[in-house]
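Dock chains Z, A and F against the given chain S, drawing on the hints supplied.
Protein chains in written order, with my numbering: chain S, 31 to 368; chain Z, 31 to 368; chain A, 31 to 368; chain F, 31 to 368.
Do not rely on the hints blindly, as some may be mistaken.
If chains are identical, the list can't say which one is meant, so a pair holds when it fits in one copy or spans any two.
Unchecked claim - The calculated lysine-lysine pairs, modelled on PhoX-like cross-linking and capped at a C-alpha distance of 20 Å, are:
hint: 1; residue 1: Lys64; residue 2: Lys107
hint: 2; residue 1: Lys62; residue 2: Lys52
hint: 3; residue 1: Lys355; residue 2: Lys367
hint: 4; residue 1: Lys246; residue 2: Lys307
hint: 5; residue 1: Lys52; residue 2: Lys91
hint: 6; residue 1: Lys64; residue 2: Lys52
hint: 7; residue 1: Lys149; residue 2: Lys186
hint: 8; residue 1: Lys42; residue 2: Lys91
hint: 9; residue 1: Lys179; residue 2: Lys91
hint: 10; residue 1: Lys53; residue 2: Lys64
hint: 11; residue 1: Lys100; residue 2: Lys64
hint: 12; residue 1: Lys147; residue 2: Lys137
hint: 13; residue 1: Lys359; residue 2: Lys107
hint: 14; residue 1: Lys91; residue 2: Lys307
hint: 15; residue 1: Lys64; residue 2: Lys108
hint: 16; residue 1: Lys139; residue 2: Lys100
hint: 17; residue 1: Lys355; residue 2: Lys149
hint: 18; residue 1: Lys226; residue 2: Lys146
Hints in this document: simulated from the structure, not taken from any laboratory.
Number of protein chains: 4
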Amino acid sequence: MIIVLRPDATKKQIEHIVKKVKKLGLKPWVSKGKERSIIGVIGEEDVLSIQPLEVFPGVEKVMPVLSPYKLAALDFKKEGTQVKIGSGLEVGAEQIIVMAGPCSVEKEKLLIEIAKKVKSAGATVLRGGAFKPRTSPYNFQGLGEKGLKFLAQAKKETGLLIVTELMDTRDMASVEKYADIIQVGARNMQNFNLLKVVGRSRKPVLLKRGMASTIKELLMSAEYILSEGNFNLMLCERGIRTFEDYTRFTLDINAIAVVKSLSHLPIIVDPSHATGKWGLVSSASKAAVAAGCDGLLIEVHPNPEEALSDGAQSLLPENFADLMKDLRKVAQAVGRKI
Amino acid sequence: MIIVLRPDATKKQIEHIVKKVKKLGLKPWVSKGKERSIIGVIGEEDVLSIQPLEVFPGVEKVMPVLSPYKLAALDFKKEGTQVKIGSGLEVGAEQIIVMAGPCSVEKEKLLIEIAKKVKSAGATVLRGGAFKPRTSPYNFQGLGEKGLKFLAQAKKETGLLIVTELMDTRDMASVEKYADIIQVGARNMQNFNLLKVVGRSRKPVLLKRGMASTIKELLMSAEYILSEGNFNLMLCERGIRTFEDYTRFTLDINAIAVVKSLSHLPIIVDPSHATGKWGLVSSASKAAVAAGCDGLLIEVHPNPEEALSDGAQSLLPENFADLMKDLRKVAQAVGRKI
Amino acid sequence: MIIVLRPDATKKQIEHIVKKVKKLGLKPWVSKGKERSIIGVIGEEDVLSIQPLEVFPGVEKVMPVLSPYKLAALDFKKEGTQVKIGSGLEVGAEQIIVMAGPCSVEKEKLLIEIAKKVKSAGATVLRGGAFKPRTSPYNFQGLGEKGLKFLAQAKKETGLLIVTELMDTRDMASVEKYADIIQVGARNMQNFNLLKVVGRSRKPVLLKRGMASTIKELLMSAEYILSEGNFNLMLCERGIRTFEDYTRFTLDINAIAVVKSLSHLPIIVDPSHATGKWGLVSSASKAAVAAGCDGLLIEVHPNPEEALSDGAQSLLPENFADLMKDLRKVAQAVGRKI
Amino acid sequence: MIIVLRPDATKKQIEHIVKKVKKLGLKPWVSKGKERSIIGVIGEEDVLSIQPLEVFPGVEKVMPVLSPYKLAALDFKKEGTQVKIGSGLEVGAEQIIVMAGPCSVEKEKLLIEIAKKVKSAGATVLRGGAFKPRTSPYNFQGLGEKGLKFLAQAKKETGLLIVTELMDTRDMASVEKYADIIQVGARNMQNFNLLKVVGRSRKPVLLKRGMASTIKELLMSAEYILSEGNFNLMLCERGIRTFEDYTRFTLDINAIAVVKSLSHLPIIVDPSHATGKWGLVSSASKAAVAAGCDGLLIEVHPNPEEALSDGAQSLLPENFADLMKDLRKVAQAVGRKI
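Just chain S, with the same shape it has in the complex (with noise of 0.2 Å):
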């Protein structure tokens, strides 16, 4: 952690910042500048992340120099975590998991519907949201355990794995007993009980971006859940907010790249949220596989003038299929497989 001191600083302040340092434990260097000063603190600097130097007089800022996240690092584990899913797939290794379905689980019968096609395009995970986190209190707030249980039903007759999102920590043993990957969804990406609680669980948890969130946030939420022993940890870019409104989102394509270089833990990408236009999905996938995601997740439909919810980002499943075939030549340029 540097302390850059004031031009005006007194002896006596920066005095008392060293010593405040050396309380704590850490070891600091005074260095003087001809413009301004600076105070280098060598040590665990997560001692002084309580501790508001800022408001010390003579500070003028403070600069840290370690990153606040400590499990979700690359420097903590160098080679990629590879979670696991059902009994035979693999999250982060060769091949790009693809996770499909609808927005919302709405009626049994169809849900089946698409999880069958889905499955024969190449998915291996069906999505479905069972509660549904709605801007408006007047629209369809999802089938709530009733989902789950037609989401089991897809599961018994498609063998395809379940992901569907958990909103409040009073429904986590439902979720937890229906889903093998408990989603928390963008809104959710700050709230922190609802991490502790999945983050005590051993289920696979994917982790939405919230959708104001810096990467390095991301990064300290996953961090919550690790904290608590769940490595069983995967990210998702699903577009940031951003001033562009022709599209719902903006796609953060850098993220794949930079969470890469950071942390060891895969990252997927949301192509359906982060454009909100069916139209342009397909581009987003490409551009997400090109650029090294570990997985997809897409929402399906095949009556999308009906669907209760998204119907505008929902890919019909003749156009998944399309999409697949083009997605595994860009997967094979890459030296992945889907």
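Frame of chain S, contents of chains Z, A and F only:
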């Protein structure tokens, strides 16, 4: 609702849409332009909100005409809502309510000391977090129920009302017991289950704007609470996330007048989070009062060097007292009082 | 254009608007809804663009239906534009054009060395700035006309075409003389006089998206150039400014498919600026090709330690050569070639 | 400057960096931490700004300690700059200067009518654009030199000073001839050649913040003008681009106190562009005065229905007169006058 058709939309596609709209009990009218035709839909637009008309063949885009929130709208209630807190105070009336105190509740004695000081400077509500949302799992997470009891003691000794944050649906009972105002934090503005829970209560609620939420989304979250029957609701602008990184957030001062033009709900401003630097709090507070806010939420700590959270943005009690004097003049200049 | 009226709009106010619209030679039709009435306007919406209908009494908001750009729109020209550069190349055809070279032109010998290396790796256009927009007045501002001459020499020795930036209307003559493609930089995307000047030329133009410009605004700036008669125009996505601060900018990968869906103009991607870190350029380049771009603009420098600008985002020639091999595979996977 | 090394940086790499730094005439010191070592550099950091130390092997990141602007900094000049305009006025002194008038100069008679009205309400400077930056090539582009002459006539008849925008280096002579304050618009904040041209003049300059520029970048652009010798400079906050789309821009009210804490330059606020809606201008203006601005730039038009640009954000003269009365009270409450 206006449905803009593609230039190449066929007669059959148009008929398909018209049929669908009629089936929903609404009246469509088609208007043919030189470049493009459009379909207007008269009636309860709400029934269309679950219908993804964008995906119908021939449709280019859909533009809603009516606002998606109803109970939060000025159209619903022309005069400003005045929220009664405690036995005598009203938020949204002539008096601007000042809520002040530490970021987090730390020690009982310290809390009571702060409470006395902010009260003598003119605050009427004591703020203090017992449950703390922290970006890092390694930072102080709050005292929990013990913190609520300290707040109760401070209330007993000073007569100040209490505002404190609820983070988890499971903690509702205890927070409701101790708080006079239940705060829903920025990170939980779209934690819809939490919104429903506080909506079912009749305790006054302070709903903070999410750091990347539009004003419209804030009003939609308010709608969740109102639609459960709780009209004791006040909004809070606390800064939004932008590219500007010198300040912690960007105070959206426009939001005050915008909320007043769209809604009947009172609006509070939190200059401490919106700036992130105590040296900027005074300027932001005066601006908020001049712009027409109904209250302020300000962090005060007698020893920011030892604060367990947000020390950098906390005012010293003596600075807070000076600010209150300045604010009284500004309030008077705009026909209010503090 | 749709004019949404306030709930309390009077008959007289509506008549006033209708009269105004008719006076402009357009046909209005009024449609009365339960909550709100609206006025639709059929005809050349353009004449309304200078008329601030929002300020008419009784008006709540005005929603344009038609796009404000005409010549840049896909409606205007259905097949993609192919821009001829030099004697044989075409941007916007099957081949993806790679433009590579240093950020700024520094020394003649060095430039020619780089030119030879990028050519042998497969680039067909040499990039290099003679006039440099720099945030600080104390940084290297480019060699000016001398730099243009070095570029001409590099062209002579290698046969590579030249793309270089024009910053000031006063330098048009010399840039036009030496460049095969005139670049308008991100900071000048809304320097409308500069747009008019390059619009009056017939030299191919590379128009970079402003760092805070929407895709619609990019197309409006393109419209400035097209409306002056220069259709030899290609757009360039180079990253937008967002709250994410780990990368220099956020590559808006969605923009590629969006531009293709709205316009006939080719789109180039600049992965060097869009990431700001050489270690991320490879991932971003592959993503851009997979997403469907028509070209890439990549910074290459044999000795980034000595580069006078943007060293941190420049690839070494050997890394560039490796990347080109990878890109050929990705291009093939999406039916293109490099 | 602090150079943070990678955990795996070798001794040889460190020596290579140390050698480089010494060669530049600076003193490096190496400090070894448990997780990471760092190199501090004492001396004129400027010589390093052209040296991309990030690319040196073993380097993780480089953190500048000193601010990159010098002449604009409060460290350079402790007391606030007061810019003399005309014969008697000073911007940056006790009086808050109000500049008002139409967005664009349209007709001479109308301009003079507006000038008289804003003067009688208390404005001392007349604003009006002769050269207009417009997003669409099909919109009114301003009257050019003819508009400047109309401004001159309005000045003659009312005694108001003139502020008007310069868009192109080629127009400097005529704008300098007629203007008392030369405005550099938001879209040209990083048009560095334009900055140099106005920097070589001694006419007062009003530099508007770019819509996506940080405060630091605004100060860097100011540095361009100051470093050419023109200290008659005032800055202008006019709203930044964010995700919030209800208002045209987001007024960054924090910027006022931030500029005051970093620089000696006066700061003006433009509430018309920062809101984009006349109904929000009053609230924003009062906030700006309360926050400590040195002046306001407000659009006024007697017939917004007929304005050729920005009618929607223009106040009627009578509303402007009312606002001035309110502003006087707020100014007085914060120890200023209007």
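Structure-based check of all given hints:
no.: 1; hint: Lys64 / Lys107; in the structure: between (41 Å within a copy, 17 Å between copies)
no.: 2; hint: Lys62 / Lys52; in the structure: both (19 Å within a copy, 17 Å between copies)
no.: 3; hint: Lys355 / Lys367; in the structure: both (11 Å within a copy, 19 Å between copies)
no.: 4; hint: Lys246 / Lys307; in the structure: between (28 Å within a copy, 17 Å between copies)
no.: 5; hint: Lys52 / Lys91; in the structure: within (19 Å within a copy, 26 Å between copies)
no.: 6; hint: Lys64 / Lys52; in the structure: between (25 Å within a copy, 16 Å between copies)
no.: 7; hint: Lys149 / Lys186; in the structure: within (13 Å within a copy, 57 Å between copies)
no.: 8; hint: Lys42 / Lys91; in the structure: within (18 Å within a copy, 32 Å between copies)
no.: 9; hint: Lys179 / Lys91; in the structure: neither (54 Å within a copy, 36 Å between copies)
no.: 10; hint: Lys53 / Lys64; in the structure: between (28 Å within a copy, 18 Å between copies)
no.: 11; hint: Lys100 / Lys64; in the structure: between (36 Å within a copy, 14 Å between copies)
no.: 12; hint: Lys147 / Lys137; in the structure: within (16 Å within a copy, 59 Å between copies)
no.: 13; hint: Lys359 / Lys107; in the structure: neither (31 Å within a copy, 31 Å between copies)
no.: 14; hint: Lys91 / Lys307; in the structure: between (43 Å within a copy, 11 Å between copies)
no.: 15; hint: Lys64 / Lys108; in the structure: between (41 Å within a copy, 18 Å between copies)
no.: 16; hint: Lys139 / Lys100; in the structure: neither (45 Å within a copy, 35 Å between copies)
no.: 17; hint: Lys355 / Lys149; in the structure: within (13 Å within a copy, 34 Å between copies)
no.: 18; hint: Lys226 / Lys146; in the structure: neither (34 Å within a copy, 36 Å between copies)
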